[in-house]
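Q: So that you can map any letter, position 277 of the sequence shown is 277 in the UniProt record's numbering, and since no number is skipped, the others follow by simple counting.
Because the hints were derived from the structure by calculation, they are not lab data. It cannot be assumed that every hint is accurate.
Straight-line Cα separation of at most 30 Å, DSS-like style, residue types lysine-lysine; simulated pairs [as the list claims (entries may be wrong)]:
{"id": "1", "residue 1": "Lys555", "residue 2": "Lys208"}
{"id": "2", "residue 1": "Lys401", "residue 2": "Lys263"}
{"id": "3", "residue 1": "Lys54", "residue 2": "Lys32"}
{"id": "4", "residue 1": "Lys439", "residue 2": "Lys246"}
{"id": "5", "residue 1": "Lys214", "residue 2": "Lys246"}
{"id": "6", "residue 1": "Lys358", "residue 2": "Lys401"}
{"id": "7", "residue 1": "Lys471", "residue 2": "Lys309"}
{"id": "8", "residue 1": "Lys263", "residue 2": "Lys439"}
{"id": "9", "residue 1": "Lys246", "residue 2": "Lys309"}
{"id": "10", "residue 1": "Lys263", "residue 2": "Lys433"}
{"id": "11", "residue 1": "Lys159", "residue 2": "Lys54"}
{"id": "12", "residue 1": "Lys72", "residue 2": "Lys32"}
{"id": "13", "residue 1": "Lys54", "residue 2": "Lys208"}
{"id": "14", "residue 1": "Lys363", "residue 2": "Lys471"}
{"id": "15", "residue 1": "Lys433", "residue 2": "Lys309"}
{"id": "16", "residue 1": "Lys246", "residue 2": "Lys363"}
{"id": "17", "residue 1": "Lys309", "residue 2": "Lys282"}
{"id": "18", "residue 1": "Lys407", "residue 2": "Lys471"}
{"id": "19", "residue 1": "Lys70", "residue 2": "Lys188"}
{"id": "20", "residue 1": "Lys439", "residue 2": "Lys188"}
{"id": "21", "residue 1": "Lys54", "residue 2": "Lys67"}
{"id": "22", "residue 1": "Lys471", "residue 2": "Lys358"}
{"id": "23", "residue 1": "Lys32", "residue 2": "Lys67"}
{"id": "24", "residue 1": "Lys378", "residue 2": "Lys401"}
{"id": "25", "residue 1": "Lys407", "residue 2": "Lys309"}
{"id": "26", "residue 1": "Lys214", "residue 2": "Lys32"}
{"id": "27", "residue 1": "Lys202", "residue 2": "Lys358"}
{"id": "28", "residue 1": "Lys378", "residue 2": "Lys246"}
It should be emphasised that the depicted structure is a prediction, and the values quoted were computed from it without experimental measurement.
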Amino acid sequence: MASEIAPDVYAMRHSCAHLMAAAIRELYPEAKFGVGPPTATGFYYDIDLPEPLKLDDLQKIEQMMRKLRKKKLRFDRRELPIEDAIGFMREHHQDYKVELLQLLRDRGTTAIAKETGDDTAVDGDQSGVDSVSFYTTGNFVDLCRGPHVENTGQCGEFKLINIAGAYWRGNSDGPQLQRIYGLCFPTKEELEHCLWQMEQAKLRDHRKIGRELKIYRFSPEVGAGLPLWLPRGTALRDELEFLAQKEERRDGYLRVVTPQITKEELYYRSRHLPYYAEDMYKPFEIDGERFYLRPMNCPHHHQVYLAEKHSYRDLPVRLSEYGQVYRYEASGALSGLMRVRGFCQNDAHIYCRYDQAKDEFLKVMRLHARYYDLFGIKDYYMRLSLPDLDKLDKYVDEPEKWLAALKIIREAMIESGYPFREVEGEAAFYGPKVDFMIKSVIGTEYAISTNQLDFLATQTFDLTYIGEDGKEHPVYVIHRAPLGSHERFVAFLIEHYAGNFPTWLAPVQAMVVPIADRHNDYAQEVRNLLFDADVPTGTGGLRVEVDTSTERMQKKIRNAQLEKIPYILVVGDKEAENRTVAVRLRNGTDLGAMPIAEVIARMRDEVVNRRDIELPVIETAGDATAH
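All chains, full assembly: derive it from the sequences and hints.
A: The following block contains the structure:
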């Protein structure tokens, strides 16, 4: 965490955590303190109190923090031998600090990060020393390695935002503390912008909107992390597939379909076993043979490639599939559609010669860019993941091939002109990969898709082609999934558009609203005319529904607006007589009566050209005035 935050901001947020602890010490003298590290946007502190705090108590604590900030209390440092430090903390009834010090004495480290998986929870870790440092702020004294600002007057702009439960050292059998979260920024403007982003995040939460728009659901009877796509969500998926199929046909991809279960031997051959075993569901037995639910499509596509011999003239061969896969994610990691156990990948594998690899890699990156331009994704970069040279046992030991693969990728990335960064330790076991990182309109960053160069599959599956010399030569394999999984990408799009999907992508593109029951037949006729219109969609026709409920007309219109349906077509006596519809947009614009043919022409333009109707301006993270 510290390496991702500017040093001065880290010190400020770390100091603000101590300032909050000092305020709590004033208000609740019996408090016992755990750890209080900085975070990406602020800080938190874990505290043991006799009674649970309420959200209203945060205001009281925050007021005390402001009083102490005005006093400009110093952050004074001193050192004590470990045994003296243990005695000091025991005397002040700080049991959790005593435990940290005893661990430090007995094991050489507090090792909080290793035990909890929380790399921010290392506030007390002062490994490898005989003495430890303390910082005093007013009446609060804390075991801490620093750094801090000079005094509380330099703690920036802050706000306490939440209380949550937290097990001490991540142990569910241990005591549960109260974790108080706070925000901290150098300026008031930055703090307010962060609060705006948080509010937008609540409003745009794909879990909330997905439920309201009837896109998907989870059922405990089906299982955690296994989404059920409802009809409207399935229509959205179909449209994305329709888009991807067109783009892939343009780029020369051939579609295939492969099984969702596979014999164990295939994954040993691909080397996913044992490297990937932790992420796979347990095997099951059929007719004395062990099978797995597939966690990826690659080995299956290799089998398709091997179905026939290929010459140098045939390459590249590009195989694509919308393949359903299953991966075992820890229950604590599951989060709506963002992290699931069963998902469908927009997957493909490219089999090419060495001299084609750079151009093919470059084409895939440009395909990503086409998609991002279409969806209005402006803020993105590529992250090149390298192997961790200190942990080579995690990767295929082929240093020359690693270097050759990295050369191809770097040259392609530089030639693309797209921004990229390099990180160590996140490569696939079989080769380097490029993750495409995109930001939502509220600044949340997602690893949405990946592009990988695989030199291992050539060996393990004997993937070759016949060269001009009549001899067999190895192919290079490129793994790519520009839209990632349907699940994660749809989750992103829900939050990106706040559910206001453009007309071409909207699960329901128009709602026909009959004013009275006697208008239902004409409403159905309008629906059929729109569906049968010559408009290319993933579902075969314009997606139109008829509201035949007993609600009053205004309530029907309001319901359609809440469901974020682009077009609301009202029909009554006049419309039936004149063969028209009264057109309203979801943003409240009233276009008045229009012939059905004109409505179709307007919607066709938006679908074919993939542009949207007139909508309110979407506020973005870069708009500092948008709150």
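Q: Would you mind marking each hint as holding or not holding in the structure?
A: Going through the hints against the structure:
1. Lys555 <-> Lys208: 22 Å, holds
2. Lys401 <-> Lys263: Status holds; Cα separation ~29 Å.
3. Lys54 <-> Lys32: 17 Å, holds
4. Lys439 <-> Lys246: Given pair lysine 439, lysine 246 holds - Cα atoms ~26 Å apart, limit 30 Å.
5. Lys214 <-> Lys246: Since the Cα atoms of lysine 214 and lysine 246 sit roughly 27 Å apart, the hinted pair holds (cutoff 30 Å).
6. Lys358 <-> Lys401: 15 Å, holds
7. Lys471 <-> Lys309: 12 Å, holds
8. Lys263 <-> Lys439: Violated - the C-alpha atoms of lysine 439 and lysine 263 are around 39 Å apart, more than 30 Å.
9. Lys246 <-> Lys309: 27 Å, holds
10. Lys263 <-> Lys433: Distance of about 27 Å is within 30 Å: holds.
11. Lys159 <-> Lys54: 15 Å, holds
12. Lys72 <-> Lys32: 24 Å, holds
13. Lys54 <-> Lys208: This hinted pair holds, its Cα atoms lying about 25 Å apart.
14. Lys363 <-> Lys471: Distance of about 28 Å is within 30 Å: holds.
15. Lys433 <-> Lys309: Given pair lysine 433, lysine 309 holds - Cα atoms ~28 Å apart, limit 30 Å.
16. Lys246 <-> Lys363: Between lysine 246 and lysine 363 the Cα gap is close to 15 Å, so the pair holds against 30 Å.
17. Lys309 <-> Lys282: This hinted pair is violated, its Cα atoms lying about 35 Å apart.
18. Lys407 <-> Lys471: 26 Å, holds
19. Lys70 <-> Lys188: 16 Å, holds
20. Lys439 <-> Lys188: 23 Å, holds
21. Lys54 <-> Lys67: Roughly 21 Å between the alpha carbons, so the hint for lysine 54 and lysine 67 holds.
22. Lys471 <-> Lys358: With a Cα-Cα distance of about 23 Å, the restraint between lysine 471 and lysine 358 holds, given a limit of 30 Å.
23. Lys32 <-> Lys67: 22 Å, holds
24. Lys378 <-> Lys401: Violated - the C-alpha atoms of lysine 401 and lysine 378 are around 34 Å apart, more than 30 Å.
25. Lys407 <-> Lys309: 29 Å, holds
26. Lys214 <-> Lys32: Violated. Lysine 214 to lysine 32 sits at ~46 Å, over the 30 Å cutoff.
27. Lys202 <-> Lys358: 42 Å, violated
28. Lys378 <-> Lys246: 23 Å, holds
Of the hints listed earlier, those the structure fails to meet are numbers 8, 17, 24, 26, 27, in rising order.
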